[in-house]
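K.L.:
Sequence:
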Amino acid sequence: MEREVLTFVEEKSRELIASSTCYAGLKDAAQAWLDAVGTDKEAEETKKYVAELEADIMPVDGLIAFAESEAGAQVFGPEKTKEVAAHGKKIKAEGAKYCDCPACAAAEAILSKKDQMLA
Numbered sequence: 012m013e014r015e016v017l018t019f020v021e022e023k024s025r026e027l028i029a030s031s032t033c034y035a036g037l038k039d040a041a042q043a044w045l046d047a048v049g050t051d052k053e054a055e056e057t058k059k060y061v062a063e064l065e066a067d068i069m070p071v072d073g074l075i076a077f078a079e080s081e082a083g084a085q086v087f088g089p090e091k092t093k094e095v096a097a098h099g100k101k102i103k104a105e106g107a108k109y110c111d112c113p114a115c116a117a118a119e120a121i122l123s124k125k126d127q128m129l130a
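Take the sequence shown: its letters are residues 12 to 130, numbered as in our numbering.
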């Protein structure tokens, strides 16, 4: 992996780990990848990390559907859920493919380098 790409992914991975919106399993995958950088496990962990990122990033339609569900109301609360759903519809109309919470934004940035990571 080129140094510039590596530095970018390391930075975004640290942002992901620090995000309060990041799922614990993805934080673990990010940390495992960071720990493997520069070792003989780097290529293997990179594949696992990319797969976890792809599995966990929230498509904007999923965000909207979740926010409008009973489960979403339980997570966000009755008022906040309306705001989240409206926000999801707004960013979708603006062309967003994914949720724009800090964790999903970091995941999307990392996945933008997927080809270089796996090369």
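Hints may be right or wrong, so weigh each one.
Simulated pairs of lysine-lysine, DSS-like, Cα-Cα distance not exceeding 25 angstroms [stated by the list, open to error]:
1) 59 <-> 100
2) 38 <-> 58
3) 108 <-> 124
4) 23 <-> 38
5) 125 <-> 91
With beta-carbon atoms standing in for the labels, derived distance ranges [claimed, not checked]:
6) 51 <-> 18: 32 to 40 angstroms
7) 125 <-> 73: 36 to 44 angstroms
8) 21 <-> 65: 16 to 24 angstroms
9) 25 <-> 70: 39 to 47 angstroms
10) 36 <-> 123: 35 to 43 angstroms
11) 81 <-> 103: 20 to 28 angstroms
12) 72 <-> 127: 42 to 50 angstroms
13) 100 <-> 22: 13 to 21 angstroms
14) 50 <-> 127: 42 to 50 angstroms
15) 31 <-> 104: 25 to 33 angstroms
16) 51 <-> 125: 32 to 40 angstroms
17) 13 <-> 104: 31 to 39 angstroms
18) 65 <-> 106: 30 to 38 angstroms
19) 79 <-> 14: 20 to 28 angstroms
Derived by calculation from the structure, the hints in this document are not laboratory data.
Glycine included, C-beta positions come from ideal geometry on N, C-alpha and C.
K.L.:
Hints the structure violates: just list their numbers, smallest first.
P.N.:
Violated: hints 1, 5, 6, 7, 9, 10, 12, 13, 14, 16, 18, 19.
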